[in-house]
Structures are given as structure tokens and as C-alpha cells.
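> As a plain string of letters, each chain reads:
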Amino acid sequence: MKKEIRLKDFKPDEHVLIVVRHHWFIFFKDIIGIALLFFVPFFAVPILGIFITAGGLQIPTGFGFFFASFWALILWQMLFARWTDYYYDIWIVTNWRIIDVDQKGFFNRDTATLFNFEQIQDISTYVDTVIGTFLDYGCIQIQTAAAKREFLFKSVSNPRHVERVIRNAQEKFLGLKSRL
Amino acid sequence: MVPFDLAIVLWPFFWLALVAVFFYGFSLVYHWVRFGTMYPLVWIALPVYVIGTVILIGAMLTGIAAV
Chain A
4 MKKEIRLKDF KPDEHVLIVV RHHWFIFFKD IIGIALLFFV PFFAVPILGI
54 FITAGGLQIP TGFGFFFASF WALILWQMLF ARWTDYYYDI WIVTNWRIID
104 VDQKGFFNRD TATLFNFEQI QDISTYVDTV IGTFLDYGCI QIQTAAAKRE
154 FLFKSVSNPR HVERVIRNAQ EKFLGLKSRL
Chain B
46 MVPFDLAIVL WPFFWLALVA VFFYGFSLVY HWVRFGTMYP LVWIALPVYV
96 IGTVILIGAM LTGIAAV
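As they're listed, the protein sequences go chains A and B.
Going by the working numbering, the first sequence opens with residue 4, and the numbers climb by one from there.
Going by the working numbering, the second sequence opens with residue 46, and the numbers climb by one from there.
Don't read these hints as lab results, they were simulated from the structure.
Be aware that one or more of the hints could be misleading.
To be verified - These stretches of chain B come out as covered by chain A in the derived footprint (C-beta under 8 Å, 3 or more residues): (1) 54-63; (2) 66-77; (3) 92-98; (4) 101-109.
Quick reminder that beta carbons are idealized off the backbone N, C-alpha and C, glycines included.
Chain A on its own, in the form it takes in the complex (with noise of 0.2 Å):
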């Protein structure tokens, strides 16, 4: 059973309506980056060769194959620290309000409410790119009354129906206030 997100700061009544990332492209791009990294040394490597081997010199077989893991180990990590940035930064939309989780480097982590519904004026969105177009991803743009006026959520998936859930749980939270 998947078990449901709740923050120390919920209040009883409060609960998720939808869990916001960016979308799966955004790490695509920085997998095919790493792997592009990956193939350096296949480059790199006969190159640096043939300037040693004129110069008289020989390198062990061990040497290669060493410093060909260490690269490797390198951008496996790198991998997974890209990994961590794209799928630890979120954005939580409760039935109150959204939560904005912000993962900076390995232990800097920054929850904190974005806004409450009440202070929500606008919601738009848009497609900016070709890729963008066809994977269905783009920005949500969201204008308050509160001092820091503008949001900006950047390359979210399905960003349409993220608005639509943003626009009916504004609208049952101040028909609810209203009641009170």
C-alpha cells in the first residue's frame, strides 16, 4: 500500500492532493550529458598514448584500466547526485496550500509553504519548446498578493492538469471559507 506524504507542520484536516516534479526529460538531458563524459577516455586515452609511447615511455595495461574505473566511479556518482537533485525537489499540493521542498547539495534541504490558497491570484501556464510540445512539460506561473509576487515552477510534467488541481483545491478551500 503506498503510504501518504505528511509533513510535521499538516494540520489534521490537511492532506495531498498531488506531488509536482519536473519532468523525466530534465534528468534525461543531464544522463546523456554524463554518458557523452563516459566516452572521454575512449577518445582521450590512444591520444595520450601515442604522445608517450614517442617519447619513449611505457604505461602499464593497469594504468588504463585504473583510471578508466575511477572516471567511471566518478560519473556514476555524479549520476546519482543529479538524480538526487531532480527527484528530491518537489512541490506538494495540499487541500491548504503548497509546499514547496527544495533539495540543496546533499543535506540542505529547504521545506517551506509557498502560499496559501487565499493568496493565489493567478494561475497560468506554457509550453516553450519543441520538446516541451511533444513530452507535455512546460511552467506553471503563479501570481499572489504576497510580497514576492511571481512563482515559477519550471519544466513540470502534464503542467495543465497540475493547474486544474491547483484551481479546484483553490476553489473548494475559500467555498469552504466562506462557509465558516
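Given the coordinates of chain A, work out where chain B should sit on it, guided by the hints.
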């Protein structure tokens, strides 16, 4: 003259890699224990990470042994 052991050059890199691995492994387990319910994919990522890391550390040791 005493022959120079080339493997001595490689050991600092090996320990550097090991420190990085322990640092990241610890941070991942830390988050997994603390926020596991929020991030269920950690259950899959952690063993994948550990298997890959063990293989690559083994490969580094093989490289040192082959020098």
C-alpha cells in the same frame, strides 16, 4: 636502485574515490531513513547504486593489481 612501485601513484586516487563513495552513500542512506515515505524510488536506487559502486571499486583494485 630500488625499483619504483607504480601502484603507489594509484592508491591516493583509490582512497579519494572511496571517501567520495562513503560520503554519497551515507547521504543517500540518511535521506532514505529520514524521508523514505516521501521518496519511494530510493528503495530501487540504493541497491543499484551499491552494486555499481562495488563493481567499479573492484575494477579499480583489479587495475592496481595489474600494474
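> Now, for every hint given, state plainly whether the structure supports it.
Results of checking the hints against the structure:
1. Beta-carbon proximity to chain A at under 8 Å applies to 4 residues in the segment 54-63 of chain B; the threshold of 3 is reached and the given coverage holds.
2. Look at the segment 66-77 of chain B against chain A: 7 of its residues bring a Cβ nearer than 8 Å to a Cβ of that chain, three or more, so the hint holds.
3. Interface restraint, the segment 92-98 of chain B with chain A: holds (3 residues with C-beta to C-beta distance below 8 Å; minimum three).
4. Only residues whose C-beta sits within less than 8 Å of a C-beta in chain A count toward coverage, and the segment 101-109 of chain B has 7 of them, enough to reach three; the restraint holds.
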